[in-house]
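Engineer: The residues making up each chain are set out below.
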Amino acid sequence: MRRREFLKLSGATVGAMALGGSAQAQLFPDGFPNPFRAPPGKWFTKDDVTTSYNFCEICFWKCGIKATTQGGKVRKVDGYAENPKSRGMLCPRGQGGVATTYDPDRLKRPLIRVAGSARGSGQYREATWDEAYDYIAEKMNAIKFQYGTESVAFYGHGTGDKWFAEYLPGAWGSPNAAKPSVSLCTAPRETASVYTFGRGIAGHEQIDWEETNYIVLIGHHIGEDTHNTQLQEFALALKRGAKLVVVDPRFSVAAGKADDWLPIKPATDTALLLAWANVLITEELYDAAYVEKYTLGFEQLAAHVAQYTPEWAAEITDIPADTIRRIAREMAAHAPRAVLPVGRHVVWYGPDDIHRMRSLYIVNALLGNYGVPGGYYFCDAPIVEAYPHPELPLAPAAGGCGGGPTEVAADSPFRPSVDRGKFFGSATAVQEFIEPMITGEPYPIKGLFSYGVNLFHTIPMVERTKQALNNLDLYVAIDILPMEHVMWADVILPESTYLERYDDLHLQAHKIPFIQARFPAHPPLYDTRSAFDMAKQLGERLGLGEYFPWSDVEEYLDRRLSSIGSSLEAMRNQGTITRRGRPYFADYERLNRNPLDTPSGKIEFYVERWAEAGLDPLPVFLPPIEGPAGMYRLLYGRSPVHTFARTHNNAVLMEAHGENHIWISTREAARLGIANDEYVWLENQDGVREGPIRAMVTERIRHDCVYMVHGFGHKAPLMRIANGRGASDTHLQTRYDLDPVSGGAGLRNNWVRLIKGAPDPQHPPIAWIERERSRA
Amino acid sequence: MTRLAMAIDLASCVGCAACSIACKMENEVPMGVHRLWIRNTTLGTFPNLAIEHRPEQCLHCENPPCVPVCPTGCCFVRADGIVDIDVKKCIGCSACIAACPYDARYMDPKGYVSKCDFCKHRVAEGRVPACVETCPTLCRSFGDLDDPNSPVSVALRNATRVDVLRPGLGTEPKLFYLNTPAKFGLVGERGGAA
Numbered sequence: 001m002r003r004r005e006f007l008k009l010s011g012a013t014v015g016a017m018a019l020g021g022s023a024q025a026q027l028f029p030d031g032f033p034n035p036f037r038a039p040p041g042k043w044f045t046k047d048d049v050t051t052s053y054n055f056c057e058i059c060f061w062k063c064g065i066k067a068t069t070q071g072g073k074v075r076k077v078d079g080y081a082e083n084p085k086s087r088g089m090l091c092p093r094g095q096g097g098v099a100t101t102y103d104p105d106r107l108k109r110p111l112i113r114v115a116g117s118a119r120g121s122g123q124y125r126e127a128t129w130d131e132a133y134d135y136i137a138e139k140m141n142a143i144k145f146q147y148g149t150e151s152v153a154f155y156g157h158g159t160g161d162k163w164f165a166e167y168l169p170g171a172w173g174s175p176n177a178a179k180p181s182v183s184l185c186t187a188p189r190e191t192a193s194v195y196t197f198g199r200g201i202a203g204h205e206q207i208d209w210e211e212t213n214y215i216v217l218i219g220h221h222i223g224e225d226t227h228n229t230q231l232q233e234f235a236l237a238l239k240r241g242a243k244l245v246v247v248d249p250r251f252s253v254a255a256g257k258a259d260d261w262l263p264i265k266p267a268t269d270t271a272l273l274l275a276w277a278n279v280l281i282t283e284e285l286y287d288a289a290y291v292e293k294y295t296l297g298f299e300q301l302a303a304h305v306a307q308y309t310p311e312w313a314a315e316i317t318d319i320p321a322d323t324i325r326r327i328a329r330e331m332a333a334h335a336p337r338a339v340l341p342v343g344r345h346v347v348w349y350g351p352d353d354i355h356r357m358r359s360l361y362i363v364n365a366l367l368g369n370y371g372v373p374g375g376y377y378f379c380d381a382p383i384v385e386a387y388p389h390p391e392l393p394l395a396p397a398a399g400g401c402g403g404g405p406t407e408v409a410a411d412s413p414f415r416p417s418v419d420r421g422k423f424f425g426s427a428t429a430v431q432e433f434i435e436p437m438i439t440g441e442p443y444p445i446k447g448l449f450s451y452g453v454n455l456f457h458t459i460p461m462v463e464r465t466k467q468a469l470n471n472l473d474l475y476v477a478i479d480i481l482p483m484e485h486v487m488w489a490d491v492i493l494p495e496s497t498y499l500e501r502y503d504d505l506h507l508q509a510h511k512i513p514f515i516q517a518r519f520p521a522h523p524p525l526y527d528t529r530s531a532f533d534m535a536k537q538l539g540e541r542l543g544l545g546e547y548f549p550w551s552d553v554e555e556y557l558d559r560r561l562s563s564i565g566s567s568l569e570a571m572r573n574q575g576t577i578t579r580r581g582r583p584y585f586a587d588y589e590r591l592n593r594n595p596l597d598t599p600s601g602k603i604e605f606y607v608e609r610w611a612e613a614g615l616d617p618l619p620v621f622l623p624p625i626e627g628p629a630g631m632y633r634l635l636y637g638r639s640p641v642h643t644f645a646r647t648h649n650n651a652v653l654m655e656a657h658g659e660n661h662i663w664i665s666t667r668e669a670a671r672l673g674i675a676n677d678e679y680v681w682l683e684n685q686d687g688v689r690e691g692p693i694r695a696m697v698t699e700r701i702r703h704d705c706v707y708m709v710h711g712f713g714h715k716a717p718l719m720r721i722a723n724g725r726g727a728s729d730t731h732l733q734t735r736y737d738l739d740p741v742s743g744g745a746g747l748r749n750n751w752v753r754l755i756k757g758a759p760d761p762q763h764p765p766i767a768w769i770e771r772e773r774s775r776a
Numbered sequence: 001m002t003r004l005a006m007a008i009d010l011a012s013c014v015g016c017a018a019c020s021i022a023c024k025m026e027n028e029v030p031m032g033v034h035r036l037w038i039r040n041t042t043l044g045t046f047p048n049l050a051i052e053h054r055p056e057q058c059l060h061c062e063n064p065p066c067v068p069v070c071p072t073g074c075c076f077v078r079a080d081g082i083v084d085i086d087v088k089k090c091i092g093c094s095a096c097i098a099a100c101p102y103d104a105r106y107m108d109p110k111g112y113v114s115k116c117d118f119c120k121h122r123v124a125e126g127r128v129p130a131c132v133e134t135c136p137t138l139c140r141s142f143g144d145l146d147d148p149n150s151p152v153s154v155a156l157r158n159a160t161r162v163d164v165l166r167p168g169l170g171t172e173p174k175l176f177y178l179n180t181p182a183k184f185g186l187v188g189e190r191g192g193a194a
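One line per chain: the protein sequences are A and B, in this order. FYI, the numbering for the first sequence is 1 to 776, going by this note's numbering. FYI, the numbering for the second sequence is 1 to 194, going by this note's numbering.
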């Protein structure tokens, strides 16, 4: 019998045969190699092991990693000591993130929605890259001629967002580019910081953990939010004996390490911070010399906060006045090595957010810690020249985590972004682009790119988003997995993962500023591309080729690195280049320079520019927006093993945390007759239902709120592990409150009730799904 | 003599599971089983609370109950104190799984018993186990108990409190828990049973 015939006859056993030593490569039925099967008949030796430098893309802390590859598969990633972010250590997501690359549910080739099929119905035909690019370019040009370039909007999140939320929109000419990491995350803290200190926070929170002796966390979930470096520094500070105070309605993991836990009434943090400012000033505990030298508007501040006594705050916050006074005095006793770190996700309650962030910065400045050891340090990203290119017609508008947005100039031929005038700040707001897609006001948005932004797990009011998507002429999704929003796109462009692609250099503002690079561990498993390549290819088809003058990514990187006397090959063996930082005022004063870029050159307690614009120049307490009687305020947070809604199809991470729970206090659960681990429905103030979700009956939360981890509750049948596990908080966020200063969308003004009688969804074990999925 | 041991500082541990997942990746532990897992327990009532985050794995007992029950001699104690399994001799009878009071062993789908081996392949190269290396809270120390300057000896010396799981069994574990959040020690240890 000839071999071919034999294979034909015993089709069912081909897999097993091949494992037994056939020379044939292991293939999925769709023709791609099966990464679960080792090449047959091969034992690996140490010589087969290669390592490559990279930086992790599983969350956006972006730790430097080293990938160990053997037999064409990354076996392990680890941190490395020379990298100032990982310092040789990694969080669970970094460790387990590898499994995402080998996820058989990945998007494997470009897809175009079948003509005439409904968006969201998931009917696609396979396409070549050329076909996909041509399709997109044709539609973009049609939109341009009918509505103008501004009518194509761009969303992006991740390392490649430089290309799809900054560079391509700038070259194309659309100011409607936005990152959820601004208005759905950091906007209030950035705007507050820029107007108070003249500098943003910029991504990596610059807290001088190494030097501080007293830490006050306001709803800052270190330990649950495993930002690697921050967690290391936090742990070391505690080991060193630093005191910790945690203000949180929930007994968080960080609260478990605290000397004092203040279970504050939700939405009243600003009252507590203003009362601390009051105590520091009225008891003359503030750093008078620092205030005199570096700040402006102290008299106005002192007069303003006189009304915010601890007794006043105690009524509002549920924290006794004595405790408020004691903590203020302890802070002052440790100052300037006492710090109230700024959190990351701070869009909580809408209009209150900017005042909370400003109050936080003011208390820090009263302690004299900004730009001083043990407080906040200064940091700037290292400078590496851009690849020479013609000036973009429009300066990139999206800004980033650190703000830094650019408004369209008055004399520009381009229209301002659609959200202009809705709020004071200049950053674009992701959620404010949705309404123009529906109403066409102030002008229509007819095209949308979503690079790595899960629209249905990020932007509140999911039904409104779906309605908006249905109004578009073109919706392009660039992603790694068939997420729910991806399956609404007209064109799906599959991206290579961080282990399969080069990327632009990552320039990190840090106490030790550094440059890190990404090198692919192996070629892409499937017919996927990097955002870098996609943007260039698409740009060329749109007639924007002059803005993409490089030949390929290696040449691009080599050219950029040559500007700092390095090269691609040098970087390949190095991974990270560190620079010297200037963390403190003393470092600037030595050079006769001022790091504070405010109009006065000082820390501005009183913001003149806001007074002129009719905004509060000093932070005020706004009474919390209250919910319907009998409902609980819905709080949400993070799991140490998951990132946003991105990691829920990763078998290894899902095995560690496979569904979220709704936390409810023991007292309220007893009243409702809800048992621990029982499945319940969640129903919000607008009657929207989510679930089933397990109840976690716990002493660890106040009675007036409930809590769940964000990112679960995927409604994406092609993601076989993620689909249907747990519940989504975003789907319950049917309202948000806009911060009129920063444009942030306050998401914690949603309320839910728990309804008994939800069925047990009886999810199969993840190990079982994994076995099924890996069968070729 | 070398007696390799590990200490975990519970005052630092946040239960993030980086160790557990690093272990899974490093040792290619099959889905559905674990060499290293985390047990989180809440103590007290609102607002006087504490949380114990407790990573658990093979304790590499000085007096391991799993070794004498093995009919083929595949379970043994190495000269450096690691309780090891010679998988080539293992017949998968599971006697050791039943004997281990800490549930540290599992049946690998390939047909042999497996468990934490302190990453012996890394130890052979002079490196620490994967869980120790990756921990972002630096709560783990590893080394030789007989060397007073080893990280584990130093950690044990500096600890306010040192506990082991189920000390009453006389297994003499070499996995130590330092600085438990509860004054009485490890959760579930009062009265002797975990």
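Don't take each hint at face value.
Derived pair list, reagent style DSS-like, types lysine-lysine, alpha-carbon separation capped at 27 Å [claimed, not checked]: (1) K108(A) x K139(A); (2) K239(A) x K183(B); (3) K73(A) x K110(B); (4) K265(A) x K243(A); (5) K144(A) x K422(A); (6) K76(A) x K66(A); (7) K73(A) x K183(B); (8) K73(A) x K108(A); (9) K89(B) x K46(A); (10) K76(A) x K110(B); (11) K120(B) x K66(A); (12) K120(B) x K46(A); (13) K511(A) x K293(A); (14) K110(B) x K46(A); (15) K183(B) x K46(A); (16) K239(A) x K110(B); (17) K110(B) x K120(B); (18) K183(B) x K76(A); (19) K243(A) x K76(A); (20) K183(B) x K243(A).
Short, incomplete list of chain B residues facing chain A, as computed with Cβ under 8 Å [to be verified]: (21) S12; (22) V14; (23) F46; (24) L138; (25) K183; (26) G185; (27) G188.
If you want the footprint, here are the derived chain B segments under chain A, 3+ residues with CB under 8 Å [to be verified]: (28) 15-27; (29) 48-60.
For the record, the hints were derived by calculation from the structure and aren't laboratory data. All C-beta atoms in this analysis are idealised placements derived from N, C-alpha and C, irrespective of residue type, glycine included.
Engineer: Now tell me, hint by hint, if it's right for this structure.
Structural biologist: Against the structure, the hints:
no.	hint	verdict
1	K108(A) x K139(A)	holds (23 Å)
2	K239(A) x K183(B)	holds (18 Å)
3	K73(A) x K110(B)	holds (21 Å)
4	K265(A) x K243(A)	holds (23 Å)
5	K144(A) x K422(A)	holds (25 Å)
6	K76(A) x K66(A)	holds (8 Å)
7	K73(A) x K183(B)	violated (47 Å)
8	K73(A) x K108(A)	holds (17 Å)
9	K89(B) x K46(A)	holds (25 Å)
10	K76(A) x K110(B)	holds (21 Å)
11	K120(B) x K66(A)	holds (21 Å)
12	K120(B) x K46(A)	holds (16 Å)
13	K511(A) x K293(A)	holds (24 Å)
14	K110(B) x K46(A)	holds (23 Å)
15	K183(B) x K46(A)	violated (48 Å)
16	K239(A) x K110(B)	violated (42 Å)
17	K110(B) x K120(B)	holds (20 Å)
18	K183(B) x K76(A)	violated (39 Å)
19	K243(A) x K76(A)	violated (36 Å)
20	K183(B) x K243(A)	holds (19 Å)
21	S12	holds (5 Å)
22	V14	holds (4 Å)
23	F46	holds (5 Å)
24	L138	holds (6 Å)
25	K183	violated (15 Å)
26	G185	violated (17 Å)
27	G188	violated (18 Å)
28	15-27	holds (count 10)
29	48-60	holds (count 4)
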